[in-house]
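K.L.:
Given next are the chains, with one letter for each unit.
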Amino acid sequence: MKYVDEFRDRTIAEKLSAQIAREADPACDYHFMEFCGGHTHAIFRHGVKDLMPSNVHFVHGPGCPVCVLPVRRLDDAIELAEAHGVILCSYGDMMRVPGTKQHSLIRARAAGADVRMVYSVQDALKTAHDNPAREVVFFAIGFETTTPPTAVAITQAKAEGLGNFSVFCNHVLTPPAIGAILQSTGAEAAKIDGFLGPSHVSTVIGSEPYEACATSFNKPVVIAGFEPLDVMQSVLMLVRQVNGGRAEVENEYTRAVTREGNLKAKALTAEVFELRENFEWRGLGTVPLSALRIREAYGAYDAERRFALSPKASREVKSCECPAILRGQKKPTECKLFGTVCTPETPMGSCMVSSEGACAAYWTYGRHRHKAGHAGAAE
Amino acid sequence: MLSGHVDMTHGGGGRATADLIRNLFHRHLGNAFLNQGHDAALLPAQGGRLVMSTDGHVIAPLFFPGGDIGSLSVHGSLNDVAMAGARPLYLTAGFILEEGFPLADLERIVISMANAARDAGVPVVAGDTKVVEKGKADGVFITTTGLGVVPDGVDIGPHRVRPGQAILISGTIGDHGVAILSKREALDFETDILSDSAALHGLVADMVAAVPGIAMLRDPTRGGLATALNEIAAHARVGMMLDEAAIPIRPGVKGACELLGLDPLYVANEGKLVCFCEANDASTLLGVMRGQPLGRDAAQIGVVTEDETGMVQMKTGFGGIRVVDWLAGEQLPRIC
Numbered sequence: 001m002k003y004v005d006e007f008r009d010r011t012i013a014e015k016l017s018a019q020i021a022r023e024a025d026p027a028c029d030y031h032f033m034e035f036c037g038g039h040t041h042a043i044f045r046h047g048v049k050d051l052m053p054s055n056v057h058f059v060h061g062p063g064c065p066v067c068v069l070p071v072r073r074l075d076d077a078i079e080l081a082e083a084h085g086v087i088l089c090s091y092g093d094m095m096r097v098p099g100t101k102q103h104s105l106i107r108a109r110a111a112g113a114d115v116r117m118v119y120s121v122q123d124a125l126k127t128a129h130d131n132p133a134r135e136v137v138f139f140a141i142g143f144e145t146t147t148p149p150t151a152v153a154i155t156q157a158k159a160e161g162l163g164n165f166s167v168f169c170n171h172v173l174t175p176p177a178i179g180a181i182l183q184s185t186g187a188e189a190a191k192i193d194g195f196l197g198p199s200h201v202s203t204v205i206g207s208e209p210y211e212a213c214a215t216s217f218n219k220p221v222v223i224a225g226f227e228p229l230d231v232m233q234s235v236l237m238l239v240r241q242v243n244g245g246r247a248e249v250e251n252e253y254t255r256a257v258t259r260e261g262n263l264k265a266k267a268l269t270a271e272v273f274e275l276r277e278n279f280e281w282r283g284l285g286t287v288p289l290s291a292l293r294i295r296e297a298y299g300a301y302d303a304e305r306r307f308a309l310s311p312k313a314s315r316e317v318k319s320c321e322c323p324a325i326l327r328g329q330k331k332p333t334e335c336k337l338f339g340t341v342c343t344p345e346t347p348m349g350s351c352m353v354s355s356e357g358a359c360a361a362y363w364t365y366g367r368h369r370h371k372a373g374h375a376g377a378a379e
Numbered sequence: 001m002l003s004g005h006v007d008m009t010h011g012g013g014g015r016a017t018a019d020l021i022r023n024l025f026h027r028h029l030g031n032a033f034l035n036q037g038h039d040a041a042l043l044p045a046q047g048g049r050l051v052m053s054t055d056g057h058v059i060a061p062l063f064f065p066g067g068d069i070g071s072l073s074v075h076g077s078l079n080d081v082a083m084a085g086a087r088p089l090y091l092t093a094g095f096i097l098e099e100g101f102p103l104a105d106l107e108r109i110v111i112s113m114a115n116a117a118r119d120a121g122v123p124v125v126a127g128d129t130k131v132v133e134k135g136k137a138d139g140v141f142i143t144t145t146g147l148g149v150v151p152d153g154v155d156i157g158p159h160r161v162r163p164g165q166a167i168l169i170s171g172t173i174g175d176h177g178v179a180i181l182s183k184r185e186a187l188d189f190e191t192d193i194l195s196d197s198a199a200l201h202g203l204v205a206d207m208v209a210a211v212p213g214i215a216m217l218r219d220p221t222r223g224g225l226a227t228a229l230n231e232i233a234a235h236a237r238v239g240m241m242l243d244e245a246a247i248p249i250r251p252g253v254k255g256a257c258e259l260l261g262l263d264p265l266y267v268a269n270e271g272k273l274v275c276f277c278e279a280n281d282a283s284t285l286l287g288v289m290r291g292q293p294l295g296r297d298a299a300q301i302g303v304v305t306e307d308e309t310g311m312v313q314m315k316t317g318f319g320g321i322r323v324v325d326w327l328a329g330e331q332l333p334r335i336c
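As you go down the protein sequences, you meet chains A and B in turn.
The numbering of the first sequence is our numbering, which starts it at 1 and goes up by one.
The numbering of the second sequence is our numbering, which starts it at 1 and goes up by one.
Bound-form chain B, shown alone (with noise of 0.2 Å):
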């Protein structure tokens, strides 16, 4: 493991940048496209329509129960530019670092992000490093870009949806946020929950392989469920009515959410994915998505309706029904 910490030197392009970039970035990192050593990787084209995205990471805790920011910055892309019905097939990672930084720490997120490149089987083909002045970030800032191919035939996107589709959600939700509440310094509290953080692109190509006409797919990240759907109803100019008894939510991640006033609706995930699809659909994406570990808990939880304005309302466990509407500013935890 290398040893010390990121000094000015790292990002100044001199000497011990290049050896920063060899005994690190290409050592864990390494395939044919990295190697080249050029400013730019020479990629050989693909045919089909091509969907790119990219993310910044800038999360705290750097480390956290189920991952790291190394293993979330490429599943964060990947799942990205799944959720457009694309197989991935490039990455790319640019590393903001703060001077003072551990070295090893930066290798652990490094090994991090190789291993979880790898699982995917997308390589990371091109880079960049900067260090910034300590103080002017935190700790280290990635941001990752992903490029993959669409299948001809498919076509998903928020205009496709229409009122009478089914929404599906491939798992349990909150995870990832309750996770890193409980890791953050003024909260800090005991429980077993883990980050879903996961790549969703091999889940995403059984359902598409099964069902090509799906309409929609959407990650819903930082925001949560609630925040994904309404960005959802907004664009597509129709409502939703959830069912909450069908909503999967671990008992632990209820509880925490309940401990600290906060709506499960409302907590970021980093490994499950939305569905909308005809209504008739519903029930062999759900066969596919139960077959695999990453859609283990997969549920019907709601249905779209005619409504221009875009609500999203829900039916209570308790028997009413609500408005979910946008989160305004942050998710803030009680005070009386």
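Isolated chain A (complex conformation) (with noise of 0.2 Å):
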């Protein structure tokens, strides 16, 4: 297929791989965190790992949107669709991430909420057409990467004066994501001498938010595209980054992104979102400055002033190691819950549930290496 297979060539891959061999400095460890599922996937899915030499080790981070939303958020979309009535309109991730109690969407659905899934925002918005006398309440999950598109749903809603829709609005932005994990010291740290920089999100933002990152943290940034070989080619660039003692931001993926980005996307996202003070991230905790809601010109759109949510207590399931995994502190395999309880049948935590976790990619793709008794080497 034109412009993918090019990007999975097979001798290129060979030819990168005895590259990465030649200049990755014997006496050192590399540790790369892959901030995006999307990463993760392609790494696991190609078999990225078995080209890497062994002292090259991925470390994933948590750039899975669905992976990162704290139980407490899902909970209240669960409210939403069983107390109040509404119509939920979900990403089909999303449905069956167990929330307090295991309780997920997938389950209120069985026990009567009307949730139905969608593959886009623009679905929601017509399910609002097609039910005007329905409240119907869009579950708008994700990076930068989805936000316009919620922009764009909601200005259209006002546009034409409906009514009968609103967000439940959860987007959060990678920038201050990676700077909590640079932040965090002692116990909850993890190694990273370098961050693979998000694919489709810098297509939005640009390769300028991560200067900061770079800069205060002295960690090099190389943004990468979601292919196998872009991968390659950027853990290159980190290893000569690191070898000399650099670290900047560089952007490997320079077909679909410059250094100020989407700048029509970006002014639909600012005119109708603002920044939260602060937005509780799985894993990460609370984070300044890392989450949008919607604006108070745009309020009648928000879910969160339309109903009243009810005050919970959230509670993750014991012993599930998602946290300490989005951190990029443990690997799946360190979890006592993966693969014995904690399967993608009967997922314990958002990481094994959505095909962008860490979790669901080591057990879909990478089982065969803890059989062959090296679990070390799925990193």
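Derived by calculation from the structure, the hints in this document are not laboratory data.
There's no promise every hint is true.
Said to hold, decoys possible - Calculated lysine-lysine pairs in the DSS-like style (CA-CA distance at most 27 Å, straight line): (1) B/Lys134 with A/Lys2; (2) A/Lys2 with B/Lys315; (3) A/Lys2 with A/Lys15; (4) A/Lys49 with A/Lys336; (5) B/Lys136 with A/Lys49; (6) B/Lys183 with B/Lys254; (7) A/Lys49 with A/Lys191; (8) B/Lys136 with A/Lys2; (9) B/Lys183 with A/Lys15; (10) A/Lys126 with A/Lys336; (11) A/Lys191 with A/Lys318; (12) A/Lys49 with B/Lys254; (13) B/Lys315 with A/Lys126; (14) A/Lys15 with B/Lys254; (15) A/Lys15 with A/Lys49; (16) B/Lys136 with A/Lys126; (17) A/Lys101 with A/Lys266; (18) A/Lys330 with A/Lys101; (19) A/Lys126 with A/Lys101; (20) B/Lys315 with A/Lys49.
Stated by the list, open to error - Here are the in silico distance ranges between beta carbons for each label pair: (21) A/Ser54 with B/Arg49: 53 to 59 Å; (22) A/Pro149 with B/Gly135: 54 to 60 Å; (23) A/Phe217 with B/Glu258: 32 to 38 Å.
Yeah, the Cβ is synthetic: ideal placement off N, Cα and C, and Gly gets one too.
Join the two chains into one complex using the hints; note that each chain is given alone, in its own frame.
P.N.:
Structure follows, in structure tokens:
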């Protein structure tokens, strides 16, 4: 397939593999965090780890929108569907994530709540058009990639005077999350020598927002595409930065990412959303200025203003290691629940649900390594 | 063509039911057995071992590029019977109709069934129709049952799958699932991919004639190739090593899957089969398969390995190895 096969070329992969092995200093270990679940997925799906020297390690980051949503926000969404009688439109990945006491949207639906799986926010808007007598809430999650489409839907709803549509906004921001990971210290700190920067997110925000991270924390960042050759080329660039003692933002994904990003999308986002002072992330805890809420001018479309959500004592499954895994501090195989009580069929934590989650990727693509008796290689 | 809509009297067992059976089902599907007009069809006994399979069809949309629920329901049961190496003899069909369903659409579906059955040379010998209230079904559901006979000396089943055998596929994977997805209301994208819905018993007959010792056949329908292989690996307690580069996939299917974040290994097929055979029979079978339109793109895609735990693995086109696991839940388009 044109424009995809070129980035999965085995011959080039072998050359890059040899080049990385030549340049990686055998006396050093290199720990690179791939922020995005999309990268984690590509690394496992194509077997990229098999082409890395043994001293280059991938540390999986929190860039999976389903994974980082804290249980309380999910419990709130379930409340919207169950107690407020709305039609709750959700991305499919969110449906099976266990909330408090293993309740989930899919279980709420089975028990009679009107929860509908949508592919995009536009489907939710259409649902609102088609059901004028019902309140329709879109369960908005995701990083900067999914935010502009939500902004479009809200402006459309306002322009049309659509009175029965609102958004439960959980949009979060990437650079503050990277900062939070790098700020954690002591037992919570993951060993990270550099970042594979987000692919799709960076097409929107550009490469500029990572510059502060690179400078303040002295860690190299290479914006990397989601194809396996992109990942390998970016690893080589990171190895070179580490070897050269540099900590810069470099852009491997030049075919889609510019320094300033997508100005139109950024303007639209700024028009509809503003920064939250604080937002809770699963794994990272409360991170200041790391999420968006709907501006007052669009307040009529904000489900949090429209419905009175009750306070709740939300709880994650005890001994689920999702938080430590999301910080890059633990590997999925270091969780006691992994592969025993927690599998994609019976997920205990969010990282096992989404295909972009590290646990799901380990389970789905990487199990042969554990079986072969060298679990440590499946990093 | 019929006009109007299905109403509750069509399932009431009275005159309206009789008219529908006569003017629609008998008119298009009629044959000596169906026309007997008894509650049950009286069929001549056949020598050999009988195989029987039943399959419910609940597809949305009912009409899709390359087929419809009518032809699909015929192919589905014929293929299940054929996967035992059998020659299908008879079909039955049960219809659940939703009140309000357009009779013209129903007639289109029944004509399509009739054509598929005629092309396959297998008559629909018995049927049933029920009508449910509006909202209690999705247009039309069709359950078909196929009955066939297995030639002597043929023993096809997962119990015969052994390490060292070759794994063959009869053609490109994922066509049916992508054709269906392209017409789903919420996705609706432009593609020229057609469903591969087809009856495979002709292809199977030629394969069995050439190599009666075929170990296993399976049509990788719902859940796709990966699910079919995992079922067989678990049952036979063997492993499998696939070669990603050898698996035939149309560029349009690959493109649609990339766009939606789906893995074509898990996308449904309705006119493909996977075959397990001794390694030295592989080239003979591939020759036979490639000589038929339905097997034109046949290829060897892997080998059976020793592995009690039944793990299916794949050498990726990129040069690594990955597990090809059971699908958990549904395949979902990516968010980010």
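K.L.:
Work down the list of hints and note, for each, if the structure agrees.
P.N.:
Comparing the hints with the structure gives:
1. Taking the CA atoms of B/Lys134 and A/Lys2, the gap is about 47 Å. The hint is violated against a cut of 27 Å.
2. Pair hint A/Lys2 plus B/Lys315 holds up; C-alpha atoms about 22 Å apart against a cutoff of 27 Å.
3. Restraint check: the Cα-Cα separation between A/Lys2 and A/Lys15 comes to about 21 Å, which is no more than 27 Å; the hinted pair holds.
4. A hinted pair counts as satisfied when its Cα atoms are at most 27 Å apart, and A/Lys49 with A/Lys336 qualifies at roughly 24 Å.
5. As the CA atoms of B/Lys136 and A/Lys49 are separated by approximately 50 Å, the hinted pair breaks the 27 Å bound.
6. Restraint check for B/Lys183 and B/Lys254: satisfied, since their Cα atoms lie roughly 17 Å apart, inside the 27 Å limit.
7. For the proposed pair A/Lys49 and A/Lys191, the alpha carbon gap of about 18 Å is at most 27 Å, so the pair holds.
8. Only pairs whose Cα atoms come within 27 Å are accepted, and B/Lys136 paired with A/Lys2 is rejected, the gap being roughly 45 Å.
9. Only pairs whose Cα atoms come within 27 Å are accepted, and B/Lys183 paired with A/Lys15 is rejected, the gap being roughly 42 Å.
10. Annotation: proposed proximity of A/Lys126 to A/Lys336 is violated, straight-line Cα distance about 43 Å (limit 27 Å).
11. About 25 Å separates the Cα atoms of A/Lys191 and A/Lys318, which keeps this hinted pair within 27 Å; it holds.
12. A threshold of 27 Å between alpha carbons decides the hint, and for A/Lys49 with B/Lys254 the separation of about 23 Å falls inside it, so the pair holds.
13. At most 27 Å may separate the alpha-carbon atoms for a hinted pair to count; B/Lys315 and A/Lys126 exceed this at roughly 43 Å.
14. For the suggested pair A/Lys15 and B/Lys254, the alpha carbons sit about 26 Å apart, so the restraint of at most 27 Å is met.
15. Under the criterion of a C-alpha separation no larger than 27 Å, the hint pairing A/Lys15 with A/Lys49 is consistent with the structure, at around 15 Å.
16. Restraint check for B/Lys136 and A/Lys126: satisfied, since their Cα atoms lie roughly 23 Å apart, inside the 27 Å limit.
17. Distance restraint check for A/Lys101 and A/Lys266: the Cα-Cα separation of roughly 38 Å exceeds the 27 Å cut-off, and the hinted pair is therefore not satisfied.
18. A threshold of 27 Å between alpha carbons decides the hint, and for A/Lys330 with A/Lys101 the separation of about 24 Å falls inside it, so the pair holds.
19. Under the criterion of a C-alpha separation no larger than 27 Å, the hint pairing A/Lys126 with A/Lys101 is inconsistent with the structure, at around 33 Å.
20. Between B/Lys315 and A/Lys49 the alpha-carbon distance is near 13 Å, which keeps this suggested pair within the 27 Å criterion.
21. Remark: the range hint 53 to 59 Å for A/Ser54 to B/Arg49 is upheld by a beta-carbon distance near 55 Å.
22. A hinted range of 54 to 60 Å is violated for the C-beta pair A/Pro149 and B/Gly135, which are about 32 Å apart.
23. A hinted range of 32 to 38 Å for the beta carbons of A/Phe217 and B/Glu258 is consistent with their spacing of about 34 Å.
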